[in-house]
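One line per chain: the protein sequences are F and E, in this order. Be aware that the first sequence starts at 1, since it is given in this note's numbering, and climbs by one per residue. Be aware that the second sequence starts at 1, since it is given in this note's numbering, and climbs by one per residue.
No wet-lab data here; the hints were simulated from the structure.
Calculated cross-link-like contacts (lysine to any residue; reagent style SDA-like; alpha-carbon spacing at most 25 angstroms):
(1) E/Lys131 x F/Arg62
(2) E/Lys131 x F/Arg3
(3) E/Lys40 x F/Glu72
Covered stretches of chain E, as calculated for chain F (at least 3 residues, CB under 8 angstroms):
(4) 43–54
(5) 90–99
(6) 103–116
(7) 121–130
Far from chain E, by Cβ distances over 10 angstroms, these chain F residues were calculated:
(8) Arg34
(9) Ala74
(10) Arg78
Glycine is no exception: its CB is placed at the ideal position from the N, C-alpha and C atoms.
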Amino acid sequence: MSRNPQLEAIFEARYAWENAAAPQRAERFAAYHRLLTDALVRAGMSAASHEELENALRDAYREFRRARRLEERAKLSRIR
Amino acid sequence: MAEVLEPPHWQAVGLVIDQNQRDFLASRYSLPEDFLAWFKAADLFRETQDERMILREPTPDDLRQHRTWVASLIAEGERLITESIARGGLPDGAARFKLADVQATLEILYLAQREWHGAKMSEARRREILKAVFNVEEPAA
Numbered sequence: 001m002s003r004n005p006q007l008e009a010i011f012e013a014r015y016a017w018e019n020a021a022a023p024q025r026a027e028r029f030a031a032y033h034r035l036l037t038d039a040l041v042r043a044g045m046s047a048a049s050h051e052e053l054e055n056a057l058r059d060a061y062r063e064f065r066r067a068r069r070l071e072e073r074a075k076l077s078r079i080r
Numbered sequence: 001m002a003e004v005l006e007p008p009h010w011q012a013v014g015l016v017i018d019q020n021q022r023d024f025l026a027s028r029y030s031l032p033e034d035f036l037a038w039f040k041a042a043d044l045f046r047e048t049q050d051e052r053m054i055l056r057e058p059t060p061d062d063l064r065q066h067r068t069w070v071a072s073l074i075a076e077g078e079r080l081i082t083e084s085i086a087r088g089g090l091p092d093g094a095a096r097f098k099l100a101d102v103q104a105t106l107e108i109l110y111l112a113q114r115e116w117h118g119a120k121m122s123e124a125r126r127r128e129i130l131k132a133v134f135n136v137e138e139p140a141a
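With the rest of the complex left out, here is chain E (with noise of 0.2 angstroms):
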């Protein structure tokens, strides 16, 4: 029988991003691992993204899941960031990834927040970026 692998769910993305906050707040663990969880919810988020959103047509309950796990995604990598700093950075040698890799993934976050739930540019507007840009034209909608 052939394996079939469900895809991720929203309400997973959920239930790991409020348990990470919940540790975060408890100060269960060091702060690396606290950022290796937000690392391991953010790639959740986007696997979730892509098996939903961009494999298939969005859901108005799909948009709305999104606007909010990414949202908070933010806001959690945020205060991370903030807390970091304010510990003088993170102790040397404690993790593998540095706090401008933390950024880097912020801004995949703030790239996906924008491109699908921020304003759309005009038609007329994305024409003349792609041609003059990428000498590209497409034929009129």
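Bound conformation, chain F alone (with noise of 0.2 angstroms):
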């Protein structure tokens, strides 16, 4: 899927959230939910809820958490 700013501040912020030690969880999830609204609102969508976001990115976010696991996986390859 080709990619825009907002949608990538989107996948940070969920990426965040769900990497987060447990103290720091609320935060993220708080930041990650904004970001979620932001669009919407701007989007003049204010019906439509956070799920049903999440659902029409499941997919793209599957392929950015692939992506980034397997980069923190090659770090880890070149510090062993």
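Got two chains here, separate frames each, mind docking them using the hints?
Structure (structure tokens):
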């Protein structure tokens, strides 16, 4: 999927939330949801839910997450 | 010889969850310690999900195991929150995390459950949302 900065920011925020240490998770969760709200409001789609937006982004986020994990694995193998 | 790290398996996830449940029921540890054990089980679950379902194509057995353990972790997290509320919350200074952090971890699990086992959106609706919100268009499949 072609990307735009807003989409990238949402994926980064979700990844940060999911991978945060436990004491940071509430804060990261709120930051991620703020971005979802902003995106929907900016598009004039306030009636759509966060869940619906996440559903639409499901496959693209899996691609993003896969790429991130492969990058991290490559970094780790260079260190070892 | 290169070090080969064996990826985590669902069996390990299940064993940790089962042990945590036994410890909780036996009141073997304090509530903050039960929460910490749950956080670690959730992290192991997510790591296994990545290894077996993100970095490769999930098999039917992966999906079955995932469905089982995500439901179990959600139930356990909710139970710990209920127990904590019944005791008047976490004691001050007893933990570095707050109940809101537990709730935010539960949301990760609920999202994983919806995304892997919930209803899939129609292709037309998906395209409509992506176009409206991000101005992203994909070629028709």
